[in-house]
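Enquirer: The lines below spell out each chain.
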Amino acid sequence: MSSAGIDKVRDWILGRHPDRTELAADVDLIESRLVDSLAFVELVYTIEDAAGVEIDFDTIDIEDFQTLATIEKAFFA
Amino acid sequence: MTRPRIGVDLVPLSRVRTLLEPGVEPRLRRFLSADELAVSRTPDGAPDLAGIAGRLAAKEAVFKLLGAVGRPVPWQGIEVLRGPGGRPGVRLSGAAAELARGAGLGPIDVSISHDGGFAVAVAATTSPLPKGTP
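Protein chains in written order, with this note's numbering: chain A, 2 to 78; chain B, -7 to 126.
Hints in this document: simulated from the structure, not taken from any laboratory.
Virtual Cβ for every residue (Gly too), placed ideally from N, Cα, C.
Zero decoy hints are in this set.
A few chain A residues that face chain B, going by a derived Cβ cut-off under 8 Å, partial list only: (1) 39; (2) 41; (3) 61.
Pulled a few chain A residues facing chain B out of the computed Cβ check, cut under 7 Å: (4) 38; (5) 42; (6) 63.
Distance windows between CB atoms, simulated: (7) A/49 with B/-4: 33 to 41 Å; (8) B/101 with A/78: 40 to 48 Å; (9) A/32 with B/118: 29 to 37 Å; (10) B/-5 with A/22: 41 to 49 Å; (11) B/123 with A/19: 45 to 53 Å; (12) B/63 with A/17: 20 to 28 Å; (13) A/58 with B/-6: 28 to 36 Å; (14) B/107 with A/17: 24 to 32 Å; (15) B/30 with A/62: 27 to 35 Å.
With the hints as constraints, model all of the structure from the sequences given.
Expert: Here's what the structure looks like:
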């Protein structure tokens, strides 16, 4: 069962891509072009809002943002 | 010996409009430094949509020169400011400057254009030829 936080992140991504209705936890968000470099900053904000944390851009590990599963593990576990 | 290296990027002005929506505008501060924000307004004080889109495109074009695959764009470390004669100039700092030094890049030049709701930017530099290149 997913947390409410990761559901917010999923909803934000799906809201940007009205052609999609589902987003599996293991889909690579960057490789599949669901999140580009401009949207990446907005994704970080969305995670910050949903998780109630501040993310330091200078120490970001891109692998934490690769899929919904890695985001959930890094910020909502 | 060196060889040329180029990077290109395209940003729709509609993406900038989204970043300027009420409640979202502070996000622009993640993309642009204080010096860049200061030169990203029209003479009447409104946000310069085309200028901001061009600046974002130029930052991404420069990032592509750095060869930093798998890293987020260091938006604040790649500043695109007004250079001599009004041409855009690039100022690198922090991780972006380290990446450029590590790659042995020469001076970086950028060119920006806008039309039809898009801004495009090309960045160019030189990089050392790999060892063993005839």
